[in-house]
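Add chains A and D to chain F, keeping to what the hints say.
Residues per chain, in single letters:
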Amino acid sequence: MFVVLLIALAATGGLYAAFAPADEAQADTTAQSLAIEEGEALYRVGCSSCHGRSGEGGSDGPSLVGVGPAAVHFQVGTGRMPLQNPGAQAPEKPRAYTQAEIDQLAAYIGSLGPGPAVPEESAYDPANGDAARGGELFRTNCSQCHNFTGQGGALTNGKYAPGLDNVEPIYIYEAMLTGPQNMPSFPDTVLPEQEKRDIIAWLNEVNTSESANPGGFTLGGFGPVSEGLFAWTFGIGALVALTVWIGARSAKARKS
Amino acid sequence: MSTATEPRKSTAKGKAPAGEKVADWADGRLGIYSLAKANMRKIFPDHWSFLLGEICLFSFIIVILTGVYLTLFFVPSMGEVEYTGSFGPMQGVMMSEAYASTLDISFDVRGGLLVRQIHHWSALLFVVGIFMHMMRVFFTGAFRKPREVNWIFGFLLLVLALFTGLTGYSLPDDLLSGTGIRFMEGAILAVPVLGTYLQMSIFGGEFPGHDIIPRFFVVHVLLLPGIMVGLVVAHLILIVYHKHTHYAGPGRTNNNVVGMPFMPVYMAKAGGFFFLIFGVITLIAATVTINPVWVLGPYRPDQISTNAQPDWYLGFSEGLVRMMPGLEWVIPGGYTLNFGLLVPLAIFPSLLVAIAVYPFFEAWVTKDPREHHIAERPRNNPTRTAFGMAWLTAFAVAMLAGGNDVWAVNFHLSINAITWFCRIAFFVLPVLVFFATRRICLGLQRRDAEKVLHGRESGIIKRLPHGEFIEVHEPLSQDRLYTLTAHEQHQPFELGPDTDENGVRRPVSPLERVRARISKGYFGEQAQIPKPTREEYRAIAESHDEHH
Amino acid sequence: MSDRHHHNPASQETEPRKDVSDDHLPGERRSGELAVLDDPFADPGLPPHEHRRQDIDERAAKRSERTVALLFTVSMLATIGFIVAYLAIPIDEIVYIFPIGHISALNFALGTTLGLALFCIGAGAIHWARTLMSDEERVEERHAVAATPEVKSHVLEEFRKGAEESQIGRRKLVRNTMIGALALVPLSGLVLLRDLGPLPGDKLRKTAWREGSLIVNENTGQPLRPEDITVGSLTQAMPSDLDHHDEDFHAQIAKAAVMLVRLEPEDIKDPRSAAWGHEGILCFSKICTHVGCPATLYEQQTHHALCPCHQSTFDLSDGARVLFGPAGHPLPQLRITVNDEGFLTALGDFEEPPGPSFWERG
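Residue numbers (the numbering used here), protein chains in the order written: chain F, 1077 to 1332; chain A, 1257 to 1804; chain D, 63 to 424.
Okay, chain F solo, but in the shape it has when bound (with noise of 0.2 angstroms):
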């Protein structure tokens, strides 16, 4: 279920690489504003009752005025928004929007107020950080709330930072930009581009499914209690069946 969102994801991540830049080129300010009216179209059906009629925020949505597009990308685009159900915070889930469309609501978004903006493929691209320096990075700003290499982690109250494996790329980026929900936002002038690249090179090293682990099955990668675990089932477990079998009496010869 999970490996299939995952693909789900991989995928129309992937189809938007490929067209995002050509769209952006041909951008022009008709393109522009056709888009700002179709997002506040959708925007009026699907987000404006939590969040107001024109973004200005409500008792049960915070105010969207200046979050930028790229919150929208972020939220919308991995499925976090529309918010389902009210909990603890919102989760990743299936997408339930096409990518045409979260474009258009970022549009509006971004028409309300300056914000951050769907970043380049150049912001974020792995291939061109350094993920040793991203690893320490990552430890001084991420590892506390994600776990050291992008598990997840618990927070107060049910709260959770979610799990950051094969996460695509530009949604780490956005998601350090903007701050989603009860994560800390960390803009340029904490965490320049380049840093956050480097961050993002890190994940790609250790958290993705591509990732080497040497010494072998990570049990989740969550450190002494999965270990743990393993040593009071699987390990003492097969050693316990062993002496089971020492144990034992050999099998007798029948009398019949």
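Accuracy of the hints is not assured; some may be wrong.
To be verified - Capping the alpha-carbon separation at 16 angstroms, the derived lysine to aspartate or glutamate pairs in EDC-like fashion look like this:
| no. | chain 1 | residue 1 | chain 2 | residue 2 |
| --- | --- | --- | --- | --- |
| 1 | F | K1328 | D | D119 |
| 2 | A | K1298 | D | E199 |
| 3 | D | K265 | D | D119 |
| 4 | A | K1298 | D | D197 |
| 5 | F | K1328 | D | E120 |
| 6 | A | K1707 | A | E1750 |
What the hints assert, rightly or not - Just so you have them, the derived chain A footprint on chain D, three or more residues with Cβ under 8 angstroms:
| no. | segment |
| --- | --- |
| 7 | 161–168 |
| 8 | 174–185 |
| 9 | 381–388 |
To be verified - To give an idea of the interface, some chain D residues facing chain F are shown, with a C-beta separation under 8 angstroms as derived from the structure:
| no. | residue |
| --- | --- |
| 10 | R115 |
| 11 | S196 |
| 12 | D197 |
| 13 | E280 |
| 14 | D290 |
| 15 | G294 |
| 16 | L359 |
| 17 | H366 |
Because the hints were derived from the structure by calculation, they are not lab data.
Ideal Cβ positions, reconstructed from N, Cα and C, are used throughout, including at glycine.
Using the frame of chain F, we list chains A and D on its own:
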């Protein structure tokens, strides 16, 4: 045991005169023939649960073998270097030599990663084995006279294993283990009066300083394992001296031991088991990562990761701290008492000491001066079994609390809710488990009694002439009858009349009154089912005979 | 009196082996016959030995022999495989092995071959013991651990003699000075421990923060300006006087590490905390006051900072008050301002020692 290896050669190879000559030479100097005479054919009872201790012994040997190898490459230094080894994602990172050399062991020494993983996995399994072994000894009452001292030896081995583990996983100086050392520093600082002085002495200055890894290294590779080897030898000598306990059964009494001789059967089985354990742990180390320090990063006091836990055997101490609500007093004079640490740090040793002194407690309750060599079935001492289960429950709840963040994120729970659950459960659950266990034990005792008196359910349904269906019960064999009735049942200690036969008031110490109450708790009517008597058995047997 | 609850009157310790209740005296039963009619619960004695297949059928025994030999042979082959793997597989080769993942080929190959080599030796030995070695159970008698009264009185007598010959009881002066000397001599060892570390002094109270210290962004190494820090962001920082290459960098950063957050001024509940900040920018020690882990799990909507070690939770909008967990007091806040060049600076060191509590902290 090593004493018996020499003569083995001479007998196993039969007429090999060379071997015999060597043995003669050794005998002239070491007296090995006499030692072998006493021990070579020593009897060891066969039961799977008696092999749990061997899991500990052999994993300890594996830990030592692999540990020696690791010391050949490990650099116990906190000097900062820039990493230039072959692990890509750490290139150019500043780190201690300890961490860098651990990366080298993992990525630049062929087989180093395997040995590291074997070392760590067998260390984890060593302590798991100690727990299993102690549970077996505890629940079967095998700690009773004359084995109390050996129980203490084993207990000390457990404690030393915990601290050897702590000092060991701290050595790589990675971000996770450094956090553990930071915790240790905070705990030392919390000690009233002496805290800061102790902290400065242990760390050679302010945290983290440059001394703690080299000092831990010596403690980990020399001091603690040295003491442990001594204790292991003493433990084994006592096992041989006392002879192993065995379970009651036909022909197995308190005065004998029934089993296989050390040579050849036990030797082959124990020796074989060593290789099996080594093999299994190596296979685990080949396929399952443990403590991948290369992705944890070098320690820096201003960095941290979530899911920061000690290895499992210290998880309960971690949990005790996590459960503790914040409480800090500044007492007159401007001195701080940090109960957020002091309370859990007081419970931690108390929990351990509770099991260490249990044999002496039970001996005091029963005042039983006899030697016990029959391993009891847990059900036949319900209060002890219930106490053990309650202890394990408290331990397990504390362990659960120690991993609260991991449970929270994996099961989508609130970390605060888990902590509150554990805070309450730590006090409530052991009590519930105590009474539940006692009831279960009594139920099992009752079932045993019924089996003895009425036989075993055969599964055969018979229709009686008047139409009633009954299940035929087969009488138990003599062997089973004996096995199920062989256990002894203590009677509760009673204070007796308040006055002696002359009507003079007898002084009874308050301690004795307490003992009488505890003894009643252990052996009173509510705590054990009287086992069937011969008279009951005969009466029922006769009534059956009349039917036929 | 204390023994009255036993089945039988207390057996004398010295009287060997009277400790099983008399009901179950062991019977001799290799034949498996002896059932004592007048005692239904009597010990029937050891059951007769039953032969295994291998004991009566040489072909079965041969099969066992071959199995054992096969296991030992597999072990030999696995050891050869280990050596070949050691020589042939590059240390940095990563292979994909289902379902384990992308793992080190060398680690996997060495581990599986060595594991197999060891396991097969063990399995062979145990199969040998179980099927070919005699499985006839033997009985060994136990003997009381405690000595007989004769031995005991002999030893006590000898001990008394030895003590007497030493004259330790008579020469009180010798005895007392010896006790004194032995009691004092370990003090030298204790004194030698003095140089393990320095005295605490005020080391735990002073950090690298001074009046005018620039607040340097950990990520860029550049001093921070107020406009760099937006509402909802989190910035890890350190004093400008620290350098990563300093000898005591770790000891200094362990006390001086801070985090900066910016709150809407109306969200700050504690007026003192607001006054110590700059336009809603607050600078807190990130070293948890419980045991010293960095408590930097900042939730920007709730303004909670959580410590991952023991879940102490601090409310950064309310002077870092403790909301949950074992911490005993708030995170210390650093007073900050902006200097002439527009950089954030400290107004001095922390007012109280950062990091875990200690006895003299007050």
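Hints versus structure:
| no. | hint | result |
| --- | --- | --- |
| 1 | F:K1328 / D:D119 | holds (12 angstroms) |
| 2 | A:K1298 / D:E199 | holds (12 angstroms) |
| 3 | D:K265 / D:D119 | violated (81 angstroms) |
| 4 | A:K1298 / D:D197 | holds (14 angstroms) |
| 5 | F:K1328 / D:E120 | holds (14 angstroms) |
| 6 | A:K1707 / A:E1750 | violated (31 angstroms) |
| 7 | 161–168 | holds (count 4) |
| 8 | 174–185 | holds (count 11) |
| 9 | 381–388 | holds (count 4) |
| 10 | R115 | holds (5 angstroms) |
| 11 | S196 | violated (11 angstroms) |
| 12 | D197 | holds (6 angstroms) |
| 13 | E280 | holds (5 angstroms) |
| 14 | D290 | holds (4 angstroms) |
| 15 | G294 | holds (5 angstroms) |
| 16 | L359 | holds (5 angstroms) |
| 17 | H366 | holds (5 angstroms) |
Hints 3, 6 and 11, counting from the list given before, are not met by this structure.
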